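Per full-length UniProt numbering: the sequence shown = residues 1 to 88.
Calculated directly from the structure, the hints in this document are not laboratory data.
Treat the numbers as computed from the prediction; the structure is a model and nothing was measured.
Each residue gets a CB set at the ideal place from its N, CA and C atoms; glycine is no exception.
Have a look at the derived ranges for each label pair, beta carbon to beta carbon:
no. : residue 1 : residue 2 : range
1   : F5        : R28       : 32 to 40 Å
2   : E2        : G26       : 30 to 38 Å
3   : L15       : L83       : 15 to 23 Å
4   : A8        : V58       : 15 to 23 Å
5   : S30       : E2        : 40 to 48 Å
6   : F59       : M7        : 21 to 29 Å
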Amino acid sequence: MEVSFLMAKLITLVLSLVVAYLAYHGYRRSGQTPMLYVSGGFVFIGVGAICEGLIYQVFGTTIASAALVQGIIVSSGMVLVILSLKRQ
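Kindly produce the complete structure, drawing on both the sequences and the hints.
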């Protein structure tokens with residue numbers, strides 16, 4: 001796997017986990033459930049950012065099937081973020 005590709009994926013993962021942590025911390029302070037949804041959504045988005053390459057490399061699948069799994073995971077995270085916005 002190319003180093004620049006790997007670094008971009010890892011930066012995306014770290015940033016999304018930082019946002020998830022801050023949202024969870026906001027949930028703990030305020031007790032507002034939508035912040036918990038935001039936190040979970042960004043965890044899914046971060047994991048989705050790196051899973052395509054991992055699935056492709058580790059399991060030897062096609063890039064299309066790995067991209068499909070990534071799309072499902074990232075979309076799930078987006079749904080959680082949308083739910084949090086609708087609940088406020």
